[in-house]
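Colleague: With chain A fixed as given, assemble chains B and C onto it according to the hints.
Protein chains in written order, with the working numbering: chain A, 1 to 310; chain B, 1 to 365; chain C, 1 to 361.
Hints are computed from structural coordinates only; laboratory data are not their basis.
All the given hints hold, so there is nothing to weed out.
Under 10 Å between C-beta atoms, here's a sample of chain A residues computed to sit facing chain B:
no., residue
1, 44
2, 91
3, 101
4, 107
5, 233
6, 278
Partial chain C-side listing against chain A, Cβ under 10 Å, derived:
no., residue
7, 39
8, 198
9, 208
These figures come from a predicted structure and were not determined experimentally.
Built from N, CA and C at the ideal position, the CB exists for glycine as well.
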Amino acid sequence: MDLTAINPVVLIATLMVAATPILLAALGELVVEKSGVLNLGVEGMMIVGAVSGFAAAATTGSPYLGMVAAIVAGALVALIFAVLTQILMANQVATGLALTMFGLGFSALLGQAYVGIVPPRTPKLSFGFLSDLPVVGRILFSHDILVYISLALVVATWYWLNNSRGGRVLRAVGENHDSAHALGYKVKRVRILAIMFGGACAGLGGAYLSLVRVPQWTEGMTAGAGWIALALVVFASWRPWRVLAGAYLFGGIMVLQLNLQAAGFRIPVEYLSMSPYLITILVLVIMSSNRGRTSLSAPGSLGRSFHAAG
Amino acid sequence: MLRLEKRPSPSQAWNYATPLVAVLLTMIVGGILFWILGKNPFEAIKLIFWDPLFSEQFAAYSRPQLLVKAAPLILIALGLAVGFRAGIWNIGAEGQYIIGALCAAAVALAFYPAEGWYIFPLMIIAGALGGWVWAMIPAILKTRFNTNEILVSLLLVYVAEKLLAAAATGFMRNPDGAGFPGSRNINSYGPASNQELIANSGMHWGVVAAMIAVLFTYILLQRHILGFHVQLAGQSPRAAKFAGVAPSRLVLMCLGLSGILAGLAGMFEVSGPARLITIDFNAGYGFTAIIVAFLGRLHPVGIVLAGLLLALTYIGGELAQFMLNLPASAIQVFQGMLLFFLLALDVLSNYRVRLAFAGTTKEAS
Amino acid sequence: MKRRTLLASSALAFGLAATMGTSALAQEALKVGYIYIGPPGDFGWTYAHDQARLAAQEQFGDTVETSFVENVPEGPDAERIMTQMALSGTDMIFATSFGYGPSINAVAQRFPNLAFEHATGYLQEAPNVSLYNARFYEGRAVIGTIAGRMTESNVVGYIASFPIPEVIRGINSAYIHARRVNPDVDFRVVWVYSWFDPAQEAAAAEALIEQGADIIMQHTDSTAPLTVAQQAGAMAFGQASDMGQFAPEAHLTAIIDNWAPYYIDRIQARLDGTWEAGNSWNGIAQDEVTFAPFNDAIPAEVQAEATALIESIRTGEYHPFTGPLNRQDGSVWLADGEVASDGDIGGMNFYVEGLAGEIPN
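So here's chain A without its partners, still in its complex pose (with noise of 0.2 Å):
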């Protein structure tokens, strides 16, 4: 039993690794959810993405590729979330659950000629002698490429919300639909190109799994990932930083416990297992009854639908 034996570098090191599909998938549902629409179906998303990242990285031999292909089968994959709830009116709750009923259905029907095949590697970025460097060395520039993109995204989500244009529009549209469309905002519109990129990023964090993190594509394979990016926005209050701290803690959670095992800590592993998600609740009641801090809580339009009167 020795705590010792656990490197704490490593350690972030690898929950960064471990975090960086649920990030993704939750900075896209993020944008999503700011837009005032809840996607219940990032699960479905998530594993079309990985078996289309797969298929055309093992197609075309390169993992980059691959990770366009996700990319790109994400957002049409929500597409057809986006057709039912904006233009058909449907139920979100109901359309996202169908959506990853039909998503894990149809990933693994087109799964099946690819299984035991050996995708391409996707290679750790290298950066010369930084990479060499004690601490941040093995934290910050030993990555591959997909984790430097997540990192970058949570960036550039936060900055794109709080000082463009656009995200201010599409902050007032989850806030309140009806005023942002008597402001002349298009609410429609908006939702559904935020609904797109959120599949486009839940579909880069199944490629992730299926590319680099395993990699090799099975069914199901991305085992509930999906959730945990929806509880993830939550936990994070919907904000892009929070995301990240919390995607580390999820991911962390899971990291520690296992490091933890291997030192030979007896640790009660099912019940750690379910403190991330006490932890949200908790977090959720907390930021729910600070009523004068409207910012913390959820997007006033948050699941329902908008129809424009007239």
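Modeller: Frame of chain A; chains B and C shown alone:
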């Protein structure tokens, strides 16, 4: 350009037609899918929709199985529908189902191996109570702290799943089970067993409970003041407030009701078809029931039909798998498509499609 | 019930068309059904069963018709699928996961003339339920020996799924034999509480390697630990099938679940009319446990040692659980030369002496 115009009141004709058209469309597109996979589409569709009902080889067995498969879905969906009508979204029925089953199993295992007529009723109460408590968490958090019930109830599903795993591998594990995970076989323990009332009819107590729940929900929604409040709250929260509907009471009642029904479903499943507590006891009924609720238009009779239809696709899908070597994923895609078509066609019930040219409008509905 | 009649009449149209297309079953063919817990594409547990099914199908040609249903959850669905198979003329059903126990026994009681085979179970509540398992612990003994010889850091990482006897005896067997050739070796066990979760398995492998393990063993089904090992320069063993293509340098060998001899044997018995329920626990001797080709990185003398061990197990000369062996708490389990009984091995829920850590629950 096509424009959607809200109808003054939902079209009854389309309300009934939509599910039929959706099924038909799914059969066509699904048939094409099966054909692409190299299977005879007519045979596949027949296996999915016709054989479970009428095949002389299986129908005598699979028809009652429709009841067995549909019962928990219907039971849970009824509870959900009441809440959904009021705009109260219980997404955590799966968790309430699990906790109800765990509580009922705990009662059964506590009494084992004693005999007594009171054990089964106690299990029913325990199951209902367990589900109710689990649903009260998001309910109270919503009424006290205004926390979004969708997210809390969803998160509690994961917690319930972990509890289930802990129970199956730990505190509820069968001491006579050679160290394997899983509880004692509750269905084999006489006083706790949920048996069929008529042999081979599929009608176990859970099915009976579902039937009673249908009546109960129908009366509640159509005849009871609560039903009126629910409708009102769903359509216009402000009007509801003026009418004297206390929003917190409504939340507590709706979530409580769906919790009780979900917990009961879990109880009847664990003491009946599922037989015992295992790590994988939760089969996603809580989520499928959401789909059933929508398919059934949140109406008790619709929910019964929707539950039976979905059960049909499950059972027929299983047949197609081993008779035609159709992959399981194809069935899942099929079910997903059925849902998509239904959700897409739903728009016609509430909205009229109009063709609008510059200046003139031409109606197309 | 208007909708039902509409459904029925539209389905009737299909039905009429379908009668022409109904597959004509060969009158003589024996129908054999398989129930899988996962997809054949998992490249692990279910894949191995499906490969064996295909081998049996090829062996028997037109006299046997096999079919399968995948991703069958344990519980009422399994029971229903097995019943429907039975109703559709299937004569023999193989259920390939432990959790199907209550279901297969219930169905067997309703169909006393059919043959039911349950893998890795322990319930036999009807005379037509047969149990079968494979002595994977013999395979673990061999890879434990290789691991003991190949490790340079003297730390072996073990990714375990659930604390059940099957997994525990695998750990024990591997440890005993690694220890035997390398008294300094240490095993670190991590429980992931899943048979298949690639992301978690990858994280577990990373944690173990980070803490000094240079050899990884797993009782989970994905190839993730192998890939992690390959990238970290460590070595690992494949699970249930040859996973060499995913990690050519790291993959030392794999325990291959070879169910084909058993399936062919039992189906033949059924065809001959000599089938009887039993409790089969075959191993290396019956070719049910085989190995992937040894990696060239394994030195010749270690390969020879492993091969010799395989042979001695095959001939029955050596049993992996032979005393003197103590339990972890120090109490004596097997005296010198004493061989463990099948009952002891079957219900094993303790670690042997020397293994650090506790079994959860």
